[in-house]
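> Residues -28 to -1, 1 to 97 in mature numbering (1 follows the signal peptide of the UniProt record, and there is no 0) are what the sequence shown lists, from first letter to last.
The hints are simulated quantities; they were obtained by calculation from the structure and are not laboratory data. Here the structure is a predicted model, which is why all the values come from computation and not from measurement. Ideal Cβ positions, reconstructed from N, Cα and C, are used throughout, including at glycine. Any given hint could turn out to be false.
Stated by the list, open to error - With a straight-line cut-off of 35 Å between C-alpha atoms, the simulated DSBU-like cross-links for lysine-lysine are:
{"no.": "1", "residue 1": "K89", "residue 2": "K29"}
{"no.": "2", "residue 1": "K77", "residue 2": "K34"}
{"no.": "3", "residue 1": "K77", "residue 2": "K29"}
Said to hold, decoys possible - Have a look at the derived ranges for each label pair, beta carbon to beta carbon:
{"no.": "4", "residue 1": "G1", "residue 2": "G61", "range": "34 to 44 Å"}
{"no.": "5", "residue 1": "L31", "residue 2": "G1", "range": "26 to 36 Å"}
{"no.": "6", "residue 1": "G1", "residue 2": "E59", "range": "26 to 36 Å"}
{"no.": "7", "residue 1": "G1", "residue 2": "G63", "range": "34 to 44 Å"}
{"no.": "8", "residue 1": "N60", "residue 2": "V88", "range": "15 to 25 Å"}
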Amino acid sequence: MERRFGFCRVFLSLFVLCLLSAVVTIEAGEWMPIMDVEDPHVREVAQYAVSEHGRLKHLQLKLDKVVGGQTQVDSGITYQLVLTVEENGAGTKDYTVVVVEENAKFHLKSFKKVVVKSESSHRAM
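With these hints in hand, go ahead and build the complete structure from the sequences.
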């Protein structure tokens, strides 16, 4: 009986070590891609960014969709998102936004229109 119990302890220890070695560790400050842009919390962050920017600039903006993004964990979570936003009912444009979440509060750090250079402007350079 003692021998069987010892074997179980060894097996359990090895199993736990295998599990621990399989755990992915994320370094503080490392940017990680957002795998699910439809995640409700990601959409909440995006909606906050659009609403806050609209409020500050006195614009009527509406979130169309989250195109992509990444997060960085430090003292809080920094979200860098690419959003498609409807402006005053006159079509959509893409924006890159940065929002920091600390203590369950959001802070808008940046809201910039994505500028796509045309191929002809690259040739002119």
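> Indicate whether the distance between the beta carbons of L31 and G1 respects the range 26 to 36 Å.
33 Å, holds
> Are the Cα atoms of K77 and K29 separated by 35 Å or less?
21 Å, holds
> Quick one: are G1 and G61 within 34 to 44 Å, going by C-beta?
40 Å, holds
> Can you let me know if the beta-carbon spacing of G1 and G63 is within 34 to 44 Å?
37 Å, holds
> Range first: 15 to 25 Å. Now tell me if the beta carbons of N60 and V88 are that far apart.
Taking Cβ atoms as reference, N60 and V88 lie about 21 Å apart, which means the hint holds.
> Taking 35 Å as the top limit, are the C-alpha atoms of K77 and K34 close enough?
21 Å, holds
> Regarding the pair K89 and K29, is the alpha-carbon distance no greater than 35 Å?
25 Å, holds
> Per the hint of 26 to 36 Å, is the separation of the Cβ atoms of G1 and E59 within bounds?
34 Å, holds
Violated hints: none; the structure is consistent with every hint.
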